[in-house]
Every structure is written in structure tokens, then in C-alpha cells.
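Trainee: With the hints as constraints, model all of the structure from the sequences given.
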Amino acid sequence: MKIKHLITILKFMLILGFIIVGASLIFMLYNLFTGNTNSRYLTATSYEMQAFGLKEQPVKLYSADSSISYAQLNDHYKVTLEKNKTRNALPMLLSIFRLLTALAIMWIFLRILKELDLSRPFHPRIVRYAKIAAALFIFTDVLNLVEYNVVNSIVHKAVPVPYLSYLKEIGSSTITGVITFLLAVVYQRGVQLQSDQDLTI
Amino acid sequence: MAIIVNLDVVMAMRKMSLTELSERVGITLSNLSILKTGRAKAIRFETLEAICRELNCQPGDILAYQPDE
Numbered sequence: 001m002k003i004k005h006l007i008t009i010l011k012f013m014l015i016l017g018f019i020i021v022g023a024s025l026i027f028m029l030y031n032l033f034t035g036n037t038n039s040r041y042l043t044a045t046s047y048e049m050q051a052f053g054l055k056e057q058p059v060k061l062y063s064a065d066s067s068i069s070y071a072q073l074n075d076h077y078k079v080t081l082e083k084n085k086t087r088n089a090l091p092m093l094l095s096i097f098r099l100l101t102a103l104a105i106m107w108i109f110l111r112i113l114k115e116l117d118l119s120r121p122f123h124p125r126i127v128r129y130a131k132i133a134a135a136l137f138i139f140t141d142v143l144n145l146v147e148y149n150v151v152n153s154i155v156h157k158a159v160p161v162p163y164l165s166y167l168k169e170i171g172s173s174t175i176t177g178v179i180t181f182l183l184a185v186v187y188q189r190g191v192q193l194q195s196d197q198d199l200t201i
Numbered sequence: 001m002a003i004i005v006n007l008d009v010v011m012a013m014r015k016m017s018l019t020e021l022s023e024r025v026g027i028t029l030s031n032l033s034i035l036k037t038g039r040a041k042a043i044r045f046e047t048l049e050a051i052c053r054e055l056n057c058q059p060g061d062i063l064a065y066q067p068d069e
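Protein sequences, first through last, are from chains A and B. When you line the first sequence up against full-length UniProt numbering, it's residues 1 to 201, in that order. When you line the second sequence up against full-length UniProt numbering, it's residues 1 to 69, in that order.
Hint data in this document are derived by calculation from the structure and do not stem from the laboratory. Every residue, glycine too, gets a C-beta built ideally from N, C-alpha and C. Incorrect hints may appear among the rest.
[Claimed, not checked] Non-contacting residues of chain A with respect to chain B, defined by C-beta distances greater than 10 Å in every case (computed):
1) Glu48
2) Ser63
3) Asn88
4) Trp107
5) Leu113
6) Val146
7) Pro162
8) Glu169
9) Val178
[To be verified] Residues on chain B that point at chain A, a partial pick, calculated with CB under 8 Å:
10) Ile27
11) Asn31
12) Ala40
13) Lys41
14) Ala42
15) Ile43
16) Arg44
Mentor: Written out as C-alpha cells, the structure is:
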């Protein structure tokens, strides 16, 4: 497969993702502002949570050939923040911000693919876009961290289960952001080298 | 930059236009213009050789060093 075809497929996937996320966001905002909380587009936010610190150890079972062990976790919870309560609005707001960030990241990558010219691959605008994308990835993790603390705080006040904690993956977006930033810095050096090459007579 | 390009001076002394020199040397007018205006980052030996050949001069006549203040 040629790189040109790969870029076309990536563009198509990004446009599709952009349309889906954009439509979800529009429906969500529309239902939020019209007060239509029963709409299926405005689902109540659910979180996978686990109660750490419980004394009961799960029973470990083994497969027939003893190659796999498995245990049923009893301290797993699915916590749903009901959408008609005012104090649950903040996680919903964070979800909207996350959708907006996802849209921005997809738009930035679309712009990068649009600017990419394989005959002259290094363009200063791509460096700027890559740095913005890196910042957005890190911002996504900041939002994740805020959501983690907000959800934990809301649940701890209302649910009497001890050490209940939101199972949220935090840090992967930051790593992606840092890698994107490093690639942008390397790419910036490429832009500089291309500029030097252009100005060599 | 500390390196000064005196191409315009040598060209004026030889009464040669930029277009004529670009045709003789075999580089584009825009690249020669970049060199003349001092925006070039580097010059290839083969380009310098061709310019010196066509202008009948030494590299030192075209390039000069002036320390930055």
C-alpha cells in the first residue's frame, strides 16, 4: 500500500470520526439546553468503580490445564450519576469538554494530513499543529484527572461503600502528548534543514 | 551574517545582468537573487566555481568576511 493511499484512508477515518463525535456533541448540547433529559442522546454518565481495601480476597480458580487463573471480583461497582441532579452536572460538563478536545485533536490531525505534501514533507505549519495536538493530548489527561477527582468526590459523599475508587486510566494521553511534542521538535529540525537546503545555492 | 556577498559589485564591474549570469551559470534567477541579496545560507563549490569562471574573478572578490558587531 502506498503512503498516498494510507493518507487518504486516514483522512476518511478522521472525517468519519469528526462527524460522529460532532453529531453526538450537537445532540447532547441540544438536549441539555432544551431540558430533554430523557433523550437517548443524553445518557446518564456511568463509571466503573472498585472498592479497594475490602478484606475479602477473591477466590482464585484455574482452567483445566492450569494455564489460566481467574477470579470473580465482588467489589466492582457500576456507578451512574443521574442526569436530573444539579450536582452531577460537572461530570457531564467535563464529558462535553472531552468531546470538544477530541474534535479539536481530530481537526488538527486533518489539517496536518491536508498540509502534508510528500514532495516537500517539512512545513512549519505542521510543526505548529503537532505542538497544538501535543498540548491537547496533555489537556485531555488534565480533564481525566479532574473527572477522576470530581467523580470520586461526588460518590464518596453519597455512597457508603469504603474506599470506592473510579477506575480511570490516567497518564496515557500525557505520554502520547509528550511523544507528539518530541516528534514535533524533531520535525521542526527537519523544517530547519529543509530551509537550509533551499537556501543553499 | 558575517559573510558579505559582493556579487552585485563584481557584476556591475563586468557589466553583466543577473539574467545573463543565471543563464551562463545554469542556476535559476531566483536562486541567484537569493545569493546576491545575502539571504543564502550556503553556496556549493560548483556554483562558486561557475560564477568565478563566468565573472572571471576569485572567490574572495565575491565573498568577504566582516565580523559581527
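Trainee: Give a verdict on every hint.
Mentor: Hint check results:
{"no.": "1", "hint": "Glu48", "result": "holds, 56 Å"}
{"no.": "2", "hint": "Ser63", "result": "holds, 66 Å"}
{"no.": "3", "hint": "Asn88", "result": "holds, 59 Å"}
{"no.": "4", "hint": "Trp107", "result": "holds, 34 Å"}
{"no.": "5", "hint": "Leu113", "result": "holds, 29 Å"}
{"no.": "6", "hint": "Val146", "result": "holds, 47 Å"}
{"no.": "7", "hint": "Pro162", "result": "holds, 67 Å"}
{"no.": "8", "hint": "Glu169", "result": "holds, 46 Å"}
{"no.": "9", "hint": "Val178", "result": "holds, 31 Å"}
{"no.": "10", "hint": "Ile27", "result": "holds, 7 Å"}
{"no.": "11", "hint": "Asn31", "result": "holds, 5 Å"}
{"no.": "12", "hint": "Ala40", "result": "holds, 5 Å"}
{"no.": "13", "hint": "Lys41", "result": "holds, 4 Å"}
{"no.": "14", "hint": "Ala42", "result": "holds, 4 Å"}
{"no.": "15", "hint": "Ile43", "result": "holds, 5 Å"}
{"no.": "16", "hint": "Arg44", "result": "holds, 7 Å"}
Checked against the numbered hints above, the structure breaks none of them.
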